[in-house]
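Peer 1: Sequence:
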Amino acid sequence: MGGSPTMLLTDSDVDALASEFLQSRYLGPIYADWSPDRRLDTFLRRRGLSRVADDGDLANTVLERIMAHVGRASRLARG
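Residue numbers are given in full-length UniProt numbering: position 28 of the sequence shown equals residue 28, and the series is strictly consecutive.
In short, the hints are calculated from the structure, not lab data.
Label-pair distances were calculated between CB atoms; the ranges are: (1) Ser-12 to Asp-33: 27 to 37 Å; (2) Leu-8 to Pro-29: 30 to 40 Å; (3) Ser-50 to Ala-77: 33 to 43 Å; (4) Tyr-31 to Glu-64: 14 to 24 Å; (5) Leu-27 to Arg-78: 15 to 25 Å; (6) Ile-30 to Ser-50: 17 to 27 Å; (7) Arg-78 to Asp-54: 35 to 45 Å; (8) Asp-57 to Ser-12: 16 to 26 Å; (9) Arg-51 to Arg-78: 35 to 45 Å; (10) Ala-77 to Leu-8: 29 to 39 Å; (11) Thr-42 to His-69: 11 to 21 Å; (12) Arg-78 to Leu-8: 31 to 41 Å; (13) Ser-50 to Asp-15: 13 to 23 Å; (14) Arg-78 to Asp-57: 24 to 34 Å.
Bear in mind the structure is a predicted one, so any value in this text is a computation, not a measurement. Even glycine gets a Cβ: it sits at the ideal position worked out from N, Cα and C.
Build the full structure now, drawing on both the sequences and the hints.
Peer 2: Structure follows, in structure tokens:
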């Protein structure tokens, strides 16, 4: 009780965050040693989205969408 209300994101919000993350510096060599969830956590917090980062289920949904985008891009690249 008394905690922050759950932050809701639409599917298009999740897609937008995933796309923004995939175009961010967090995929570059500086962060190569970081785990994907650590990269996403930092990305979200630096964008002022701590409530998303703190909500494990919501952050996991964004991470899953990122991985889906990566998988789709990989399949397209292989032809």
